[in-house]
Each structure stands twice: as structure tokens, then as C-alpha cells.
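> Using the hints provided, position chain B relative to the given structure of chain A.
Keeping their order, the protein sequence lines are chains A and B. This note's numbering puts the first residue of the first sequence at 632, with every later residue one more than the last. This note's numbering puts the first residue of the second sequence at 632, with every later residue one more than the last.
Read the hints as simulated data drawn from the structure, not as lab findings. Every value quoted in this text rests on a predicted model; they were computed, and no experiment measured them. Check the hints yourself; a few may be wrong.
No copy labels: a pair is met if it fits in one copy or bridges any two.
[Said to hold, decoys possible] List time: in silico EDC-like cross-link candidates among lysine to aspartate or glutamate, alpha-carbon distance up to 20 Å: (1) 1228 with 774; (2) 1197 with 1242; (3) 1228 with 1005; (4) 822 with 796; (5) 1197 with 829; (6) 1197 with 1006; (7) 812 with 944; (8) 1228 with 780.
There are 2 protein chains.
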Amino acid sequence: MTFLPSGRVVEARRGETILEAAGRGGVFLAGPCGGRQACGKCRVRVADGTVRTEPSLHACPGDIERGWVLACHAVPEGDVRVEIPPESRGPSGPLEASGSAELRRRPAFDPGPLPYLAGDPLFPQSPLATRAFCVLPEPEGADAVSDLDRVIRGLRESRGLDGIEAGIEAVRTLPGGLREKGFAFTVTLAKRGPRSAEILSVDPGDLSGANWGAAVDLGTTNVALHLLELGEGRTVGTAGVPNGQARFGADVITRVLHAGRPGGLVELQEAAAADINRCLASACREAGVPPGEVTCVQVAANPIMTQILLRVDPSNLRRAPFAATANAFAPVLAADLGIRIHPRGRVHAAPGVSSYVGGDTTAGVAACGMAVRDEISLLVDLGTNGEMVLGNREWLACTSCSVGPAFEGSGISCGVRACPGAVEEAEVGDRGETARLRTVGDAPPCGICGSGLIDLFAGLLDAGVVDRAGRLQADAAPSRVRRGPEGLEYVVSPGPGRGLFLTQPDLDNLLRSKAAVYAASMLLVRRMGFEFDRVDRIYVAGGFGNRLDVEKAVRIGLLPDQPREKFVWIGNSSLAGAKMLLRYDAARAHAEEVAAKMAYVELSGDNAYTEEFVSALFLPHTDLARFPSAGKNAGPPPR
Amino acid sequence: MTFLPSGRVVEARRGETILEAAGRGGVFLAGPCGGRQACGKCRVRVADGTVRTEPSLHACPGDIERGWVLACHAVPEGDVRVEIPPESRGPSGPLEASGSAELRRRPAFDPGPLPYLAGDPLFPQSPLATRAFCVLPEPEGADAVSDLDRVIRGLRESRGLDGIEAGIEAVRTLPGGLREKGFAFTVTLAKRGPRSAEILSVDPGDLSGANWGAAVDLGTTNVALHLLELGEGRTVGTAGVPNGQARFGADVITRVLHAGRPGGLVELQEAAAADINRCLASACREAGVPPGEVTCVQVAANPIMTQILLRVDPSNLRRAPFAATANAFAPVLAADLGIRIHPRGRVHAAPGVSSYVGGDTTAGVAACGMAVRDEISLLVDLGTNGEMVLGNREWLACTSCSVGPAFEGSGISCGVRACPGAVEEAEVGDRGETARLRTVGDAPPCGICGSGLIDLFAGLLDAGVVDRAGRLQADAAPSRVRRGPEGLEYVVSPGPGRGLFLTQPDLDNLLRSKAAVYAASMLLVRRMGFEFDRVDRIYVAGGFGNRLDVEKAVRIGLLPDQPREKFVWIGNSSLAGAKMLLRYDAARAHAEEVAAKMAYVELSGDNAYTEEFVSALFLPHTDLARFPSAGKNAGPPPR
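Bound conformation, chain A alone (with noise of 0.2 Å):
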């Protein structure tokens, strides 16, 4: 089977539906409803050979005539040549344009020195694996001991170390290791403790210059990795593609249905090896590093992502009363997760705290530096799931609620994730008749994603596009705002094709989302005691662009009216975080502290949450006494 434009050729299986094979061979194609026929996503066209299907609601008799089918309904017969519609092609085009290019123009959010990283003398910069070039004497009758016995002693002498243990594959690789140069040789040593290790493989030659490490963040929506090596903890390769589990649904629930069908745990944990992957295929190569020198990877992940990447079936997650399998995992071996790194390598997954706060979240709070601090600080992590932090150094209380994936660049007719083309700034003028754009990179506008949304969003009400309920006019910008299919929209910028716009169906998903956000961290907030005056600091995250418009952000109500420097922008917090973990022994420790010092507040089916967030369904909220400064040229709520 052969997918266009990309000319990419998969086997098809015996059965397998078009949707199936694209998955499995790394084809992306869009498929929020999981397969079910329910969203009509995945339309393909059939441009040669015959499939086997049926007519449903996304696709009429006369659809299939010409070739239109669901591709999660469609059963190859022979050999076929499918085009993917670029609405079925996912955000992000090709998945090999890696995110490598807007992530590298603007330096990560670093948090400076913390607190918790002073000390540890033996490893300033403890990464999970360390490689140490040993030469020691070949061995002599005089002078027996077993090979292992060698390497250890010759690491307690010539690095302090102790309590250094092996598996049984390090202990295979020990006699070429040693041998092929001459007991000159390259041990890989997992951090276990401040002084002790296990060794994970010994190679001939020197490769201690060789250890590299990667950082993920894996995320409902998008997964994103950096590239670190590992010496003085650079980041030289980044990457980035929407989650490939996608294709069994855009949202958690639909996925960990999935994994209850037999095979589905495993065709998941699959999708999210191939991304990490392709990830790591893209990064290596833009730093021309072998992947089989990548010697760990850390993830930070919410608890349903983590227990799929590690093949833990996720059903308890979503079934009452909500247990998380595990809150820590011992660190897993990447072969074993089909993750093509070195061939010893291991994966480390963030500690979690409840089956709804993950590794993800500890990893934000340790990237931030907030449990470290004296001052109180609240923590907004806007992703698919939104987590919101509230704490300092004493106390730390969370909770999370559902944001969808709008600002993410997913569930929006023209969004896409922060990739090059992104429209990530925007400014309407001239009461919506203009709309300048930035795009990441500066490359030609290929989509809109989070920042660009929201600044959308908000320059559309100061220009009175869209009234306070988030409705777009009819009778405002004129050669803006047109009809299309479902309904009014509003076009960001017109060419080629439909060119780029916002429909009504858009803008109600990002209202929604936003609502969620700020009910949210307002009710945390209450829950505690406390009021926004009384926050000290802002943290806000996200994966979704390299900056944001705060100003914009509190002028459509995601954020509280608070004053601005208070405010701090900390980009994707769970892959700075996730990067911190793996270079450093007291942000781990630290992020076991979060972990189990954090606090679960339980919003759902909280009467108080639902009236905060219809509350929060206007621009930027029913209240404008609570928005001060962002409400003042509001008028009054639309009927």
C-alpha cells in the first residue's frame, strides 16, 4: 500500500484496515474517535486498487463512488494507492520536520542554580548514565581475579566508586569489552546512589565522550524530546511529533478503551515506542550522534501516557476508584519498550503522585524551582489535561482538570503544534479587517498553534469579531468573516486553498479550554485558603509556542487579572524538567519530595468547579470585577 503525497509503501496485514497499516508503518493520519466511524477524520481517497467498506455517516454511498472512504473502515484488496486529504494529514505535515528549529531559536527556560542542586560533590552533574574510559593492566597469573572483579576494583580506585553491581547482560559483554583493545575499555554506569552504580555494558575503546542522554516529554497530544550530552549537560538535538496514539483516539478515555481490547495495550505502547523513536532518529541526526550512544532517557509523562509507554495496562487510571497501578517505576530497560537506543540503556519514567497527577507534573514543579522557595507560587501547566500547582517550600497541593487539546494545536480546524509555519504571534487590526502573523521560524504560515490562538482569540474581541460569549459577528469585518460549512469563520490568512481560518466550533473549543484553566486554578487556590492577590508567582506552561502574550492571556480570562510581573513563562516545564532529572541526582531526589509531599484536590464532579467554569465561559469572565484591568472595555455579558 502505497500513502500520497509522502509515497510512503507499508505492508498491509492480512485485514488490517487502511488506518491500521498507516499507524504501524508511521504514517500519520488523523483519528480522534479511535476507529469508530464516529468522527469522519480520517477520510482518504483511494486514487488506485480497490478497497473493501461501507457507507456510514462520514461517508455516503456516492463519497465512496469516488473514491472517498474512512480510512478506519477500509480494508485493502490487493495493492492500493491511498492520498491523504492534508485535513487527514495530522498538524504537523511530514513527521520527520522534527520541531528542532523553534526550540533551538529561543534558549529553554533555565530556572538558574536551586537550591536543591548544591552539594553532591562526587557528581556535579550526576546524569543517569555516566561513561568512564578505564586502561588497566591485562591480567597475569600472579593476578587472577575475574573480569568483573577487575572493572570494579578499577573503578573504587580510580573513582571512589562503591556498591557497584552488574546484571547478567553487562557481565556477557565483559570479555570482548575488555579484551578488544587491550583492557582499554568504556564502562556504562547507571547512577544508582551518590557513590554507587550498576554497570550496564563495557565496550573497547574510549566512548566517554560518547554518553548522550534524552529528555522526553510525552504528552497526550504531542511528544517532544531533547538531546543532552551528558558531559556539561548541552542540548544538541531536539525534536518533536503529535502523539501517533492518536489514531486510537485524540482524547485519553478513547485510548485506554482501547488498551482493554485485546492487543491494544500493546499496538499503544507501540505508537508511543515509534515516537519516541522518531524522535530520537530526528535529534541524532541533526547532532550526528549514534543512536546506540544514547545511553538513558528520562520521561515525564501524565499516569496514563507513563503506564502505556511502559506497557501497564491503564484501565484502573479511568475506572472508580481511579488507582494508579504505580506512582514510581524502577527504572525499565529501552530494549524491552522497543526504544532503540543503546542496547543496555534504560528508560527512567518522572515520579507520579495519583492517578491523575504524573511524572509531568513533578517534573514541572522541579523545573520551576517553585518547592524550593519561600514565596507562594501557583503553577499553570496547560496541556491536553491541565495541572495547576499551588505551593511553596513547606506545602504543595494540585489538581488537574480536562482542557482538550485546542491549545495544542488539536481539535482546531487549522491548528497545529508549535512547529515551523506555526502561526505563533498575531496581531488583528483595524477592527478585524487586518491580521499580521509571525510564524515559527518564519517559514510560510502552515497552521496556527497555542500562542497564535490565543493571541487570535483576544485581538478578535478587542475588535469586536467576536462578542463576550466567544460568538463571531456576522456583520463585522467584512472581508474577514465569511461563511463556510459549519458555520461563520473568521480567516486568518486567505491563500492557497481555504487558507487559514477560525471557525465558530474553534473558538467554542478554546473557550471551553480556557474556562477549564482558570475555574481550575481558581478553585485550587480558594481550596487553600488563599486568593490570587496572595500568589506571589505564576508559573505558566506549556508546550504550545516559545512565548506567550500574557497580556492576551489574562485579556481573554485563561489567566487571572493579577499584575503582570508576577508572571513567569516557562515554556514546555515537563521536558525542562524531564532534562533536569536526567542530569542531575538532587533533582531527582527533589522530584520524589514533590512527589510525595504533593497533595491531590479533587475538582471533578465538584458542584463549585462547574459554576467556576460556566463563570468562566465569557471573555473573560461573567465577573469583570475579578478582571480589572483586562475587562474595562468590555461591555456588559451578550444574552
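Positioned in the frame of chain A, the structure of chain B alone reads:
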């Protein structure tokens, strides 16, 4: 391909020889030279079908015409039926005939309560794996800790266990294991220290009574296994097979060379695993135990067998300067080694000392308890390699020598391991004209095992049928001494066929074996500044029978001529030690201490050893002054 007489069918792979196919299919076929056409022991008859072969030293064109070929040098062309003649079938007859009968008949050696087993109040038995049945309250909203934390908390509260860990494979069993029977479940725990443990798996329901462990003596020539119920430590099943690696070579050197060929190590490892699996299947059948409920395996083996079983290249063990890859190995997942027990069960190898002295020896020392006593003991372990240990609670010294497999019934025309039907006692009378025999299990005689060989050799000497050089006398016992293809031979039991007999080469083998044992024991004692007189106790160990007639062993000069009450026959000490390691923390700690404490005395390449060996090539010895009681009727050494 069908093997006769068993009727076993093995699908031959393209280009595979009959010997290779037989080995893969679990059909024992002699092959001591490792398939180099050197020994001619793998002769088989092609009863039907054609094979591709060529004449050689051991298969002349006439032989081939009559269907006799060397299995190591014949490739089937299409379907064939191959008859294995008795002499190529290996010492044991059909593999399934386990050595259970004889092992149950007489209780295994029991050293009684040993000082190092005192203490350890929490786990009086402290087996390598335990199974705990737990019933926990089902999680509810107010107590939604993770599954893992719930189990760990339960184990801490109910059993006082701390420091419990769980690898990812165990975590994967949690969701189903806990919920399938409503949080009534069994945790299988691998012990780490006295109060800490690792969770291997969580299974629904009460399996706490289903906890079995296997102790394995993986010898060069034979493999023996005992199945233990781990609650009280009872032995519930036993089994033994000849070591299937024999098809790659009878001696370890040939096998080590084979390990160096492409794919060779994997073949050897698979053969080792297959032997253990066969023993497990047989012992489990005997005891009515599902192999999947065997939770741990403790192996005691020499360094080469240990490394082969763990798939660690053994080449350097036999290449100067003879470095073991490791002496102690972390437990290995049985599934990783292809050993079919509980999917998360582990294989533990007893710790070794050096490239020559392995876990079989430390296990033997632990079994006899010599290293917890004040008296000076000598342990003589008669395996294919002989190991001798001298010492007490303060110090230990050991050496090893090549004994050959004669005492284990291999390399002797009618030799067998101590399986049912093996001649284990013999009394030669009437100047050699009569030989009264007793067989294991009083079964019809099928061959002669080690203890029977010693009896016969001593009897023939006393009867004057062999002279002091071990040479058969043409003019002695006319009804029993006959001329065979290899010169003179002594008929032990007349029919059917050629009956049971000893050839001159058989006796030469035995002479060399006993000389090696005596010479090494003697020199070890001398090197430590002692004489045999100063040794308080002599433990004699080996897998070659249920009893050893010490008098006769001294008579042929295998053991020193010391007061008979000093000798203690302890049977298979490696197996006995493996059973103790399986059951007791303290025994494991003791074996590690023994390994750390033991000094190796090198004898190979030592002129004194050569001299001692040559002097011992007489019965009982060249120097009769050393054998005052045994040698009192002996004449002068023959010319």
C-alpha cells in the same frame, strides 16, 4: 526424521547433521569428540531413507553400504529413519528415566544443624522465594493509593517487611492480579536480605501453598535436580539426565572451543536449559507440581557450566591467564535463560572462587559444614573435574584436577550414571570367576556406575585378575577374561549381547582418574603444611552412586590410607549445597564467605604434581609405605 528405538520424530533443518538434529530434539546420541569424526561414538544405522555422508576412519565404505554412518557427518536427504545402537544411546537409556528411584531410596546427606544456620528468626526457612497470601480492603476514593503502594503497605503491616521493590514485569501483573479475586491475592517475593524483598508477581487467589524451588547440580557429565516444597523444605521430586552438551564434546575443553564458534554458545546454553527443563518436567510430574509454580532455581556448577548456562562466553576460562568473567552473578530471570518455571522466577548461581573452582565447590563446602568447624577437614569432590578443599572455620584452601568422567560412568564401555539398573555394588570372588552385583533399585543391570567400578577394580586387584599396574592378566579367571576388539576384557555380567564388561582401556581410564584424585589431594594437604594424619575428617562427595565402599576406594589408592572413621561419604555435595542455598539466607551468606575466603592452590604445570600422579599410577600406589593397610598384601610393582 524418526529415531529408533524410541520412535521420537525430529524435524531436521536444512543441512543439519543427524547428530545436530538429535541434540535439538532431545534425543541423546553420544558425541564426545564434538562432531569432529574423531571418536566414532555416534555411529547410527540408517534404516530407511538416504543420507549424504562420506567414508572416514570410523565409517568405511562397507559400513556406509550397510547403512552405518557417523551421525556427526551424515545429513538426511528427505525423510529418514535412524536406528541408534545401544552403545551410542548414552549411558542412561531413555532420558525420561530419571534418577529418582535411587535418590529416594536413601536419604540425602544431612549435615544436621550447622552453626551458621542459627538465628534469622523472621524466616526460619528463608527460601529464595516466598509466596504470601494477602487479603486487602478494596481501594476506595478516600484511600486511592497506587496498587503497588497498597501491596507494599500490606506486606509491611502484616509481615514487617521493608524495602520492598518491584520491577516493571511485576508491576504489570498488579492490575489483574489484585482485582481478579477481589483483592485476595498472592505475592511472590524474591528474598534480598532478611527483611527486604522484591515482588516477582501478584497472582489472584491463594497460591501461598504452591511454592516450589529446584536445586540443580549442573555437572559436566550429568545433571541432577531436586524439587523442594519450600514451606518445610521437603524434597518432593528428583530427576537426572546426562548432560546434553555431550554432543558438542565430552570434555569441557571441546565445549569451550565450540562456544567460540558462531552460534556455538547459544547451542550449548540451549542444551543446558533443555536438560534442566527435562529434569524439571520429570520431577514436577513425579510430585504433581505445575512447573509454573516453581518460583526459583538454585544452580551449583563449575565455572564453565555456570557461564554456559548464563550465556556468558566461557572462552577465557581456558585461555591464559584463565580469568573467569565473574565469580558471583546477580539472579537471572529464568525465562531469559529458556528455563520454564514461573514466568518471573529467577535462577541463582552459587558463587565461585576462580576460573577453576566454582559454585559447585562452595555449595559442597556449605553442605558438609567444614567451614564452620574447628577441626581440619578435607573435602574430595569426585566430579569430571575433581575439587579438593582443605581447611576449617579459619581458613580454606582448594585445588582442582582433571579426573575425567570415568567415575560418572562416561568414557567407560559399559559405564552409566547412577540410574536404576546401574551396578552400584560388586564383589569379585573365587579368584575372579564370580562377581556378585547389586543394582540401583534392584533393576535389571543396564551398566556400571562409579561406586560399582571402584568395587570391581578393587575386587579384580585382590583376585589377581589385574596386576598392580591395573593390567588384565591373560591367564587369570578363564571364564571371565576374554579377548575383545580392544584387547583383553573382563566380563562383569555375561548376557544378553556382549553383556557388561570392562576393557583394558576402561581400567586405564579408571587408573588415571584415581591417580589424579590422590595426587591432587596429597599435594593440597602438603602445600598447606600438613600430612593426611593431621586431617581430622575427610568428606568424600560425588554423584556416582548412593554409597561408596571406602575400604575399596582406599584399596585402589583413590583415597588415602587413613583410619576409616575419618571418612564421611556425603553423596552429591553440590546438589546438597544447592538445596541449602535454596532454603536459607544464612547458607547463601556462608557460601559467599567461603568463596571470599578460599585460596586457590595451582597444581597444573607443577612438576611435583606430575611426579605424584605418576607414582599413583599403581594400585594402590608405587610407595606402599603410604598404604600400610591397603597395600599389605600387594606384591612389588610390575615391570
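> What are the numbers of the hints the structure violates, in ascending order?
2 and 5
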